[in-house]
Every structure is written in C-alpha cells, then in structure tokens.
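Please build the complete structure, drawing on both the sequences and the hints.
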Amino acid sequence: MKQYKIRILHPNAVTRLKLQPVMHGLAGILFMLNGIGVYNSPHPNWTIAIFFIILGFGSLLFPFLMRRLSNIQSANSLARLVQAFVSFTGCLYFLSHMQPLIGVLLFLTGIASAYIGWAEYKIFQPCFVKIDMMGVILPGTFSERLIGWNQLNNVILRNDLLTIDFKNNKVLQLEVLDETGTATAEEMNAFFKSRL
Numbered sequence: 001m002k003q004y005k006i007r008i009l010h011p012n013a014v015t016r017l018k019l020q021p022v023m024h025g026l027a028g029i030l031f032m033l034n035g036i037g038v039y040n041s042p043h044p045n046w047t048i049a050i051f052f053i054i055l056g057f058g059s060l061l062f063p064f065l066m067r068r069l070s071n072i073q074s075a076n077s078l079a080r081l082v083q084a085f086v087s088f089t090g091c092l093y094f095l096s097h098m099q100p101l102i103g104v105l106l107f108l109t110g111i112a113s114a115y116i117g118w119a120e121y122k123i124f125q126p127c128f129v130k131i132d133m134m135g136v137i138l139p140g141t142f143s144e145r146l147i148g149w150n151q152l153n154n155v156i157l158r159n160d161l162l163t164i165d166f167k168n169n170k171v172l173q174l175e176v177l178d179e180t181g182t183a184t185a186e187e188m189n190a191f192f193k194s195r196l
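The opening residue of the sequence shown carries number 1 in UniProt numbering; numbering runs sequentially from there.
These are calculated hints, taken from the structure and not from any lab test.
C-beta: ideal position from N, C-alpha, C; glycine also.
A portion of the hints provided could be inaccurate.
[To be verified] Below, simulated PhoX-like cross-link-like pairs (lysine-lysine); rule was C-alpha separation at most 25 Å, straight line:
| # | residue 1 | residue 2 |
| --- | --- | --- |
| 1 | K193 | K167 |
| 2 | K130 | K5 |
| 3 | K193 | K2 |
| 4 | K5 | K170 |
| 5 | K18 | K193 |
| 6 | K193 | K130 |
| 7 | K18 | K167 |
| 8 | K18 | K170 |
| 9 | K167 | K130 |
| 10 | K2 | K130 |
| 11 | K170 | K193 |
[Said to hold, decoys possible] Here are the simulated distance ranges between beta carbons:
| # | residue 1 | residue 2 | range |
| --- | --- | --- | --- |
| 12 | L81 | K18 | 18 to 28 Å |
| 13 | F57 | Y115 | 22 to 32 Å |
| 14 | R145 | L69 | 28 to 38 Å |
| 15 | Y115 | E186 | 35 to 45 Å |
| 16 | N45 | D178 | 25 to 35 Å |
| 17 | S194 | L146 | 33 to 43 Å |
| 18 | K2 | N150 | 17 to 27 Å |
| 19 | N159 | M133 | 17 to 27 Å |
Dropping the structure here:
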C-alpha cells in the first residue's frame with residue numbers, strides 16, 4: 001500500500017504562536033494582582049506578595065526575552081510549567097487563608113496554563129500529513145483526522161505548499177518543511193490525481 005508522509009508546519013501554529021505573548025502577559029498580570037491581594041490582606045505575608053509580584057513581572061517580560069534564547073520551545077514549556085505550578089500552589093495558599101473564590105479561580109488558571117503549555121508543546125513537535133489509498137490524514141491537537149478522497153476536488157504539492165481543495169469550496173494550504181525533489185513531487189501529484 002502506497003503511503004506518503006510529508007512534514008509540515010502545524011496548521012494551528014501561526015495563530016497559536018501569535019497569542020503566546022498575550023497569554024504570558026495575562027498570566028503576569030494575574031500574578032501581580034495576586035501579589036496585591038496578599039499585600040492587602042489583614043495579615044500580609046510579604047514573602048508571598050513579593051514572590052507573586054516578581055513572578056508577574058517575569059511573566060510579563062518573558063515574551064520579550066524569549067527571542068534571545070536559543071531553545072525557545074524548552075524555555076516556553078518551562079515558563080508554562082512554572083505558571084501552572086504557582087497557580088496550583090497559590091490556590092492552596094488562598095484556600096488556607098479563607099479566600100475560596102480566589103483559590104478556585106487560581107485552580108482554574110492552573111488547569112488552563114497546563115493545557116496551554118501542553119498544546120504549545122504539541123505544536124512545536126514534528127507534524128506529518130499522511131496520504132494513502134484511504135485519503136489524507138491531517139494532524140490535530142488531540143487526534144488525527146482522516147479526509148476521504150470522495151470529499152476532495154484536488155490535492156497538489158507545489159513550491160513547498162501542499163494545497164488541499166475540498167468539494168465544499170474550502171481550500172487548505174499547508175507549508176511543507178522538508179525539501180521534496182521535483183521527481184518526487186511529480187510522482188506524488190500523479191498519485192493524488194489517480195485517487196481523485
């Protein structure tokens with residue numbers, strides 16, 4: 001059975017990576033507000049207040065410093081892990097100081113930070129489109145999606161772009177990361193045409 005495997009840029013990568021600095025900024029603002037909340041409590045814990053404020057400034061500055069790092073993926077994953085961990089431990093701190101609303105909100109923030117970190121980790125992983133006799137298998141965040149040949153008008157690999165034309169007038173263009181030779185591209189395009 002003939003199968004082609006093409007390494008691509010994840011379909012959601014561009015939009016998710018544009019939102020990355022915004023998400024770090026929101027986490028930073030949240031941590032600074034938590035620091036202010038600890039400071040305004042009847043018996044403030046200065047260590048926790050200063051820790052939250054420093055972590056908030058760190059999260060706000062991280063997107064600007066991230067461009068200077070050599071391994072952006074690892075630094076981003078570590079930052080998300082720290083944000084999730086601090087959210088969960090901050091939840092315990094506020095619950096122990098009889099502030100359940102803030103504790104529950106921090107718990108939800110921790111879950112959201114962990115999910116965002118996992119989704120960004122998945123986006124940075126190598127991503128492949130598989131094309132075989134059954135159809136085109138596209139990657140997703142949670143699972144792969146099979147698109148049968150009967151749902152497609154055309155599939156073309158040209159100039160480092162894989163173009164998938166659906167019968168419902170939608171077009172999906174995916175950036176191919178690996179260099180495919182002219183002969184290989186022609187062979188693949190001939191296979192695609194034979195299946196349509």
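So, going through the hints one by one against the coordinates:
| no. | hint | in the structure |
| --- | --- | --- |
| 1 | K193 <-> K167 | holds, 15 Å |
| 2 | K130 <-> K5 | holds, 5 Å |
| 3 | K193 <-> K2 | holds, 14 Å |
| 4 | K5 <-> K170 | holds, 22 Å |
| 5 | K18 <-> K193 | violated, 36 Å |
| 6 | K193 <-> K130 | holds, 16 Å |
| 7 | K18 <-> K167 | violated, 30 Å |
| 8 | K18 <-> K170 | holds, 24 Å |
| 9 | K167 <-> K130 | holds, 20 Å |
| 10 | K2 <-> K130 | holds, 10 Å |
| 11 | K170 <-> K193 | holds, 18 Å |
| 12 | L81 <-> K18: 18 to 28 Å | holds, 22 Å |
| 13 | F57 <-> Y115: 22 to 32 Å | holds, 24 Å |
| 14 | R145 <-> L69: 28 to 38 Å | holds, 33 Å |
| 15 | Y115 <-> E186: 35 to 45 Å | holds, 42 Å |
| 16 | N45 <-> D178: 25 to 35 Å | violated, 53 Å |
| 17 | S194 <-> L146: 33 to 43 Å | violated, 19 Å |
| 18 | K2 <-> N150: 17 to 27 Å | holds, 18 Å |
| 19 | N159 <-> M133: 17 to 27 Å | holds, 26 Å |
When each numbered hint is compared with the structure, violations occur for hints 5, 7, 16, 17.
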